[in-house]
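Novice: The listed protein sequences derive, respectively, from chains H and D. When we follow numbering that gives the first Met the number 0, the leftmost residue of the first sequence carries the number 0, and every step to the right adds one. When we follow numbering that gives the first Met the number 0, the leftmost residue of the second sequence carries the number 0, and every step to the right adds one.
Treat the hints as calculated values from the structure; they're not laboratory data. Be aware that one or more of the hints could be misleading.
Which copy? The list can't say, so a pair holds if one copy fits it or any two copies do.
[As the list claims (entries may be wrong)] Below are the BS3-like pairs computed for lysine-lysine, each with C-alpha atoms no more than 27 Å apart in a straight line: (1) Lys145 to Lys295; (2) Lys295 to Lys183; (3) Lys162 to Lys255; (4) Lys295 to Lys133; (5) Lys145 to Lys183; (6) Lys183 to Lys255.
There are 2 protein chains.
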Amino acid sequence: MSRYLTISLAILALAGCATQAEQVAAPVLTKEAVATQIGEKPTPTSPPTGQQWLYGSAEGTIASAQTYQAMAQFVRAKALNRAIKTQAVLADGSTPDAPRFDSCGTKPLAAVFDADETLIWNVGAMRFMAEQGKDFDPAIWNAWEKSGAGKALAMPGAIEALKTMRDAGVTIIANTNRTSANAKGTEDTLRAAGLGEFKHGETLFLMGDDVTGSSKDARRSTIAARYCVVALAGDQLGDFANAFNAKGISVADRKKLATHPAIAPLWGNGWFLFSNPVYGPSIRGGYDEIFSAETKWEPAP
Amino acid sequence: MSRYLTISLAILALAGCATQAEQVAAPVLTKEAVATQIGEKPTPTSPPTGQQWLYGSAEGTIASAQTYQAMAQFVRAKALNRAIKTQAVLADGSTPDAPRFDSCGTKPLAAVFDADETLIWNVGAMRFMAEQGKDFDPAIWNAWEKSGAGKALAMPGAIEALKTMRDAGVTIIANTNRTSANAKGTEDTLRAAGLGEFKHGETLFLMGDDVTGSSKDARRSTIAARYCVVALAGDQLGDFANAFNAKGISVADRKKLATHPAIAPLWGNGWFLFSNPVYGPSIRGGYDEIFSAETKWEPAP
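So here's chain H without its partners, still in its complex pose (with noise of 0.2 Å):
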């Protein structure tokens, strides 16, 4: 569905914009490629295939459940460890390929969650969104984060598992790119999806917070000089630091960069990472970003 309609939202502005247009290639909806669109746009009746899968299937939801309990785990042993902790933030400056992790002192605990597609599937706006046949619109998550409250759902094993770090004595902090103007919205969202209490400034950081956008680099800052964080979770890498959104980065790069021998170890063991194959940078490249010339094979005539 994202092609679909970027295509069109493409093709419209290319209509209106001689000079931005040299920008993007001239997008031409072929046979082929609506070919291999089977499946892959809403139809009026049935989503987009990241949506059935992540949303419908039981392998989607497995996939979360199964991550919040080896989270729960992690950050269970650690609060009841007495060590001296360091934080799962990286520290000022740091970059995932140079990494430096403060020593935490004696801060509380903290666990610190991207909302969506993390602690909740936005469910009632996804399926609105893709029955209209559109892609993300703005105004319509706009309305979302005002009045979703009951209609997102806690992902699957996110409420034992924010049990099990809560009753471990360890906070739980949202850090999410939902606008700090529609605060009381995602507070109602995340404690009607059974979540528990979240609140803005305190443990729930929002785009606007800062001046720094989208970037949550600031802003986990901000928690970790008041936390010891032992753990962070997203769905996208840059709920672990910002680098991995780098302008202009490449698929291969980014990649490379996400699997560093300096933070490989994190992930599964301080960096959680929940599968999301329904939006977000993930879902980028062509054939020769996605595949290695190594690997292309044909079968024999």
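Could you slot chain D onto chain H? The hints should help.
Specialist: Here is chain D on its own, set in the frame of chain H:
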């Protein structure tokens, strides 16, 4: 990020249309935004979103590596623990909602894996079929099983995890629905991917090894008769019990069965699921199957 880009494109789109322009706040279209949008358009040069996420993205790679890391830790701990173990395989005749697990006695330890999108990424065949605009073509797949060696990739984290398990004295076994007619091709493919030696009938079990077709239950039973299976891994629930593939089972009932309290604790603790939003029984369902009526939402008029 995808949101920001879509907003940018929307703005570009609406640049010419004053009336619609009021619908959205106005971020500026940057060259980077357009550049990273490439791949989300439906052109013959981009694979489907599920393949972009799984095979291309840092997130897809981390999801695999994170699960392999957790599984390796689990299996190693099991191997080091001298206590009598029970099978991770359901005892003959038992079901996920009423499971029984036999004692292992003194059998040697094993971990049992599906092959496709669990041990290996079938990037050669997936790219070829996608570039041809095809979904799944049995004739192409058969050629792939025979001749794909060297063009499939070990999944991220698999080589290291298998080494950890084998070093702990655990035999690695593959139980896949590739056909027994192509046993050599699959042995060659797994070896060429760096996953070590698999021998048909000993450490490689294939569809056609018995008369039960695509059900893996009988093969699991055969393996459990020889080994103490401490862990199962797969990307589809049929890799754990065929009951999840019962004919006519609804999307909702399948999910309910997978999260039944009797087996829910196994996920991440003996049963390890790898995310695969590209193909399989997880990719199905209309709106009413994927989304519950209680979460239906629409923006206020």
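Novice: Could you work out which of the previously given hints the structure breaks and list their numbers from low to high?
Specialist: Failing hint: just 6.
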